[in-house]
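Kindly generate the complete structure, drawing on both the sequences and the hints.
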Amino acid sequence: MATLEIHDLHVSVDAEGGPREILRGVDLTVKQGETHAIMGPNGSGKSTLAYSLAGHPKYTVTGGTVTLDGEDVLAMSVDERARAGVFLAMQYPVEVPGVSVSNFLRTSATAIRGEAPKLRTWVKEVKEAMERLHIDPSFAERNVNEGFSGGEKKRHEILQLELLKPAIAILDETDSGLDVDALRVVSEGVNRVRESGQVGTLLITHYTRILRYIKPDHVHVFAAGRIAESGGPELADKLEEEGYEEYVKGGASE
Amino acid sequence: MAETIPAGSTTDGVIQVGQPTDARVSALASYDVADFPVPLGREEEWRFTPLERLRGLHDGTAVADGGVRVEVTAPEGVTVETVGRDDARLGKAGKPVDRVAAQAYSSFEKASIVSVPKETVLTEPVRIAVHGEGGTAFGHQVVEIGAFAEAVVVIDHTGDATVAANVEYLIGDGAKLTVVSVQDWDDTAVHAGQHTALVGRDATFKSVVVTFGGDLVRLHPRVVYGAPGGEAELYGLYFTDNGQHQEHRLFIDHDTPHCRSNVAYKGALQGAEAHAVWIGDVLIRAAAEGTDTYELNRNLVLTDGARVDSVPNLEIETGEIVGAGHASATGRFEDEQLFYLMARGIPADEARRLVVRGFFAELVQQIGIPELEERLIDKIEAELEASVG
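These protein sequence lines map, in sequence, to chains A and B.
Here the first sequence stands for residues 1 to 254, where the numbers follow the numbering used here.
Here the second sequence stands for residues 1 to 389, where the numbers follow the numbering used here.
Derived from the structure by calculation, the hints contain no laboratory data.
A couple of the hints might just be wrong.
As the list claims (entries may be wrong) - Computed spacing ranges between beta-carbons, pair by pair:
#1 B:A348 - A:D72: 18 to 24 Å
#2 B:G323 - A:E125: 41 to 47 Å
#3 B:E76 - A:S149: 56 to 62 Å
#4 A:E128 - B:E381: 28 to 34 Å
Said to hold, decoys possible - Examples of chain B residues lying across from chain A (beta carbon under 10 Å, computed):
#5 V83
#6 G84
#7 P125
#8 L341
#9 E362
As the list claims (entries may be wrong) - In the EDC-like style, the derived pairs of lysine to aspartate or glutamate whose C-alpha atoms are separated by at most 20 Å in a straight line are:
#10 B:K95 - B:D32
#11 B:K206 - B:E374
#12 B:K379 - B:D187
#13 A:K58 - B:D304
#14 A:K153 - B:E336
#15 A:K153 - A:E241
#16 B:K92 - B:D32
#17 B:K92 - B:D202
#18 A:K215 - A:D179
#19 B:K95 - B:E44
#20 A:K58 - B:E44
#21 A:K58 - B:D187
#22 B:K379 - B:D156
#23 B:K92 - B:D35
#24 A:K153 - B:D187
#25 B:K95 - B:E45
#26 B:K379 - B:D349
#27 A:K58 - B:D335
Keep in mind it's a predicted model, so treat the numbers as computed, not measured.
We put the beta carbon where it would ideally sit given N, CA and C, even for glycine.
This is the structure in C-alpha cells:
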C-alpha cells in the first residue's frame with residue numbers, strides 16, 4: 001500500500017532580500033485509500049506544499065524528508081515523481097500552445113504507464129472519461145489549456161487524474177473558481193478515483209464547500225507554514241462556523 | 001505561447017497608412033553593384049546582419065573560385081539551359097535590392113534557366129541540388145513556367161560554401177509554381193541572395209523556404225505581380241541553433257489589383273548565440289484595389305540568450321482592399337510549461353520535443369506537400385535530437 005510520508009518539511013522561495021521560509025516543519029502521512037483535506041487561509045503555505053511535493057523548481061527544500069513507500073521523493077526530478085505516482089492537479093494549469101490535448105494525454109499516459117496504451121482501447125478510455133466529466137469531444141483537438149475557461153481547465157486536470165491513476169493525488173484548490181454544477185462534476189470525478197481505493201488524496205482548499213461532495217477522512221488546518229491542528233471531518237464543520245481567525249492570530253508570524 | 005511578450009528579443013510592429021513615404025518604394029534597386037555603397041552596418045537593411053561574417057560578399061573583397069556544384073534533375077518536357085550574361089530572360093523579375101544581391105548579379109558568369117513549357121503539368125518535381133565544396137561562388141538561376149503549366153521545384157543547398165546567388169521565378173498566366181528552397185548547409189556556410197517571383201495573371205506561386213543550416217543565411221524572398229488575379233503563399237520554417245544567424249527579409253509588392261498574398265514564417269531558436277531576423281514588408285500601392293494580404297511570423301525561443309528580431313511592416317496606399325493584416329509574436333518555452341509537462345511524467349527532452357513539434361505542425365500541414373512534410377518533420381526531429389538531446 002502506497003504511503004506518502006512528509007516529515008519536518010521546510011521550504012523556502014527566493015524573494016527580494018534573500019530566501020523566505022514558507023513551510024516551517026510540515027508533518028503528514030497520507031496512505032492509499034485515505035483522503036486528507038488541508039485547509040487554511042490565503043498565504044498559509046498550502047499551495048507551496050503542493051508544488052514542493054511535485055518538485056517545482058521555484059521552491060527550495062531546506063529541511064525535512066518526503067518519501068513514497070520509503071523512496072526519497074525529494075531526490076527525484078519532476079517527471080520521476082510523476083512516474084512514481086505523485087499527481088498534482090494544479091490551481092492554475094498552464095497553457096501549452098501547439099500541443100493538442102489528445103497528444104498530451106497519450107504522451108503522458110505512455111510515460112506514466114511505461115508503455116504506449118493500445119490505440120483502440122485508449123481512444124475509448126479517453127472518450128468515456130471525457131463524457132463522464134462533461135468535456136466536449138472537440139477538446140481533444142484543442143491545445144492544452146489554451147483558451148480554456150477556468151472550469152474547463154479544472155475538468156481537464158481531473159480527466160488526467162482519472163486516466164493516470166496516481167498513487168497520491170494532490171488537488172490544489174481544484175474547487176476555486178467553479179460554479180456549483182462544475183464543482184459537482186469535478187467532485188464526482190475525484191470520487192470515482194477515490195472509490196477505487198488505490199489513491200491517497202491530499203485535498204487542498206480554502207473553502208469547506210467542496211467537502212460536501214468529497215468527504216475527507218482527516219482534516220488539517222494549515223497556518224503559517226505548518227499544520228496547526230488535525231482532526232476528523234468535524235474540524236471542517238468548526239472551520240465553516242468559525243473561520244480561520246483563531247489560527248491566523250495564533251500563527252501570525254509573517 | 002501562453003505569453004506573447006518578446007523574450008530576449010525585439011518585436012516591433014508598424015502599420016503605416018497614407019502617403020507613400022517610404023523607404024521601400026524609393027529604395028535603391030539596381031543590377032550594378034557599383035550603385036550600392038558598401039554597407040557599414042548602421043543602415044536599416046543591414047542593422048541586424050553581422051557584416052564581418054559575410055566574408056566580403058558585401059564589400060567586393062569576396063573572389064569567386066567556383067566552389068559550388070549545381071545539378072539539375074528535371075522530368076521530361078523541361079528544358080535546362082546554361083546561358084551567358086546577355087540572355088534576354090535574365091533580370092526580368094526585378095532588380096537586386098541590396099549590395100550583396102547586386103554583387104551576385106554583377107559577378108556571375110553563367111546563369112541556369114529551367115523552363116517548363118506552357119500547359120505542361122509536371123508530375124515529378126524539378127530538383128536543383130546546390131552543393132558547396134568550400135569555395136566562394138556567385139550564381140543566378142531562372143525558373144520560367146509557361147502559361148497554365150504546373151510545376152514543383154525543389155532547391156537543396158548543402159555542404160560548405162560562401163554563396164551570393166539570386167533566383168528569379170517567372171510564372172506565366174494561370175500557371176502554378178511551388179518552390180521549396182532548403183538551406184541545409186553545413187554550419188560553416190554563408191549564403192545570401194534574392195528570390196524574386198513575378199506572378200502572372202491568375203497565376204499561383206507557393207514558396208516554402210526552409211533554413212536549418214549555415215553560419216549566416218540572409219535571403220530576400222520577394223513577390224511582384226505582373227497582372228491581376230495573382231496569388232502568392234510564402235511559407236518559411238527555420239531552426240536557428242547556437243551561433244547561427246538566419247535572416248529572412250520578405251517583400252510583397254502589391255502594385256496590381258485583385259491579388260492575394262499570405263505569409264507564414266515560423267522559427268525555433270536555441271543556444272546563446274542563435275539569432276533569427278524576420279522582416280515582413282507588404283506594400284499595397286494605390287493601384288492595387290481588391291488586395292487581400294496577411295502575414296504572420298512566430299518564433300519560439302527554447303533557451304536563454306537566443307535573439308529574435310521580428311519586424312512586420314504593412315503600408316497601405318488605398319482603402320479599397322479586401323483585407324490586410326499582420327501578426328508577429330515571439331514566445332519563450334516557459335519553465336512553467338516544462339514543469340506542467342514534466343509533472344505529467346514526461347521527461348524534459350521529450351517535453352521540449354513535444355512543444356517544438358506542435359509549434360511547427362500546423363505550418364508543415366499548411367504547406368500541403370506530403371513528401372516534403374515528412375522530410376521536414378524528420379529534419380526537425382534531427383535538429384532536436386542533435387541539440388535538445
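Pairwise hint evaluation, D179 (chain A) against K215 (chain A), where the allowed Cα distance is 20 Å at most: 19 Å, holds
Let's test the interface hint: is any C-beta of chain A closer than 10 Å to that of G84 (chain B)? At 49 Å from the nearest chain A Cβ, G84 (chain B) fails the 10 Å test, so the hint is violated.
Holds or violated: E362 (chain B) as interface residue toward chain A, Cβ cutoff 10 Å? 8 Å, holds
Checking hints one by one. Is L341 (chain B) an interface residue toward chain A, by the C-beta closer than 10 Å rule? The hint holds - L341 (chain B) has a Cβ within 10 Å of chain A, the shortest such distance being about 7 Å.
Restraint status (C-alpha distance of K206 (chain B) to E374 (chain B) at most 20 Å): 18 Å, holds
Does the alpha-carbon distance linking K379 (chain B) and D349 (chain B) stay inside the 20 Å limit? 17 Å, holds
Sort out whether D187 (chain B) lies within 20 Å of K153 (chain A), counting only the CA atoms. 43 Å, violated
Evaluation of the interface hint that places P125 (chain B) against chain A, nearest CB under 10 Å: 29 Å, violated
Taking the beta carbons of E128 (chain A) and E381 (chain B), is their distance inside 28 to 34 Å? Once the Cβ atoms are compared, 33 Å apart, the range 28 to 34 Å for E381 (chain B) and E128 (chain A) holds.
Pairwise hint evaluation, E45 (chain B) against K95 (chain B), where the allowed Cα distance is 20 Å at most: Holds - the C-alpha atoms of E45 (chain B) and K95 (chain B) are around 16 Å apart, at most 20 Å.
41 to 47 Å was suggested as the range; check whether the CB atoms of G323 (chain B) and E125 (chain A) agree with it. The hinted range 41 to 47 Å holds for G323 (chain B) and E125 (chain A), with Cβ atoms some 44 Å apart.
Would the hint on V83 (chain B) stand, with a C-beta cut-off of 10 Å toward chain A? Result: violated, 45 Å to nearest chain A Cβ.
Of the numbered hints stated above, those contradicted by the structure are hints 5, 6, 7, 15, 20, 21, 24, listed in ascending order.
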